[in-house]
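There are 2 protein chains.
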Amino acid sequence: MGYRIDALARLVEQFASLPGIGKKSAQRLAFHMLSLTREQAQQFAEAILEAHQKLKRCTVCQNLSEEEICPICSDEGRDRSLICVVEDPKDLLAFERTGEYRGLYHVLHGLLSPMAGIGPDQLTVKELLKRLGDGSVKEVVMATNPTVEGEATAMYLARLIKPMGVRVTRLAYGIPVGGNLEYADEVTLYRALEGRSEI
Amino acid sequence: MGYRIDALARLVEQFASLPGIGKKSAQRLAFHMLSLTREQAQQFAEAILEAHQKLKRCTVCQNLSEEEICPICSDEGRDRSLICVVEDPKDLLAFERTGEYRGLYHVLHGLLSPMAGIGPDQLTVKELLKRLGDGSVKEVVMATNPTVEGEATAMYLARLIKPMGVRVTRLAYGIPVGGNLEYADEVTLYRALEGRSEI
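Those protein sequence lines, which keep their order, are chains A and B.
One point on numbering: in numbering that gives the first Met the number 0, the residue at position 9 of the first sequence is 8, and numbering is uninterrupted.
One point on numbering: in numbering that gives the first Met the number 0, the residue at position 64 of the second sequence is 63, and numbering is uninterrupted.
One chain only, chain A, in its complex shape (with noise of 0.2 Å):
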């Protein structure tokens, strides 16, 4: 109840609708959005308008793209032999930031989740395997995250995969480098035990 000016009541719930917005950083940023002059907001909401405008998916690796085929996909120099599959395309610029890897990805948008009613027919499972038809890719990496929906859905790929004559292979599990023994978890250190290799 109380008083209220609509404008403004609209904009902080929207603002409150955003995941991790609570009511009073809602309010908090509605007035920050009103302190900016006309163009800035102006900036802002077309921000908003363009990215869901040119944003689709990239026909290869349905990865969020400006273009039909994303410039990962179309470029010439990357190993066509290795896809990695990651949930989605956040995960895909945490691994790009690494400057490291060098093959393709496929973005799977989300996880297998029979709870939720997630099942392979709401990820891009069927464009992964379709990816695999021709010979051309070598090896898949599952880069799913460890948690027990990326664990079922990398097992669920990988038994789709392997009898394609596709080499599967997950992430090493580990310490984080920096972190402290002490607070490593023992499943966490168990597995880096396991994976030891040789200096």
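No more than 16 Å apart at the CA atoms, straight line, and that leaves these computed lysine to aspartate or glutamate pairs for EDC-like:
1) B/LYS55 with A/ASP5
2) B/LYS23 with A/ASP87
3) B/LYS22 with A/ASP90
4) A/LYS55 with A/GLU66
Hints were generated in silico from the structure; no laboratory data involved.
Fit chain B to the known structure of chain A by using the hints.
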């Protein structure tokens, strides 16, 4: 460096320019925005533009308003002899939420801050003094924040207003309701003691 999708990067930058939103949160919000339907994204963008277009300052109390004179200032049921002076519209909304205050408001849109170059001319001091000219206002409550700038602004205004024959008061200091004495700072406790009342 690294891989960059322009329309996405621009949206992330816009979110990262908001107060309290870091690079990671901005990316999360941008991806959330892309997960909305076209229509929902449009509503978000329109809420920003609409708020900017519709909201101006009430010519009387200087609060944000869609009308020339805001609903509070034009409400005949409110006590026109009492004005509560606040720093910004957020504080006005906080008072309205109590549902107890029945007087009018005056929004300063900031506090005096010589260090930041904010003097009386950057605030709505002139507009406040104009409202006190006709003798209808009997009391002005200073409801600025209990900070150095808030206190200084209240003192400055009190010195201007008292000679006009208008009573100037200050919000009570004390322990917050539901607060714990143990965690109250000394100044607050002292002020609470000083302002004690009979029960």
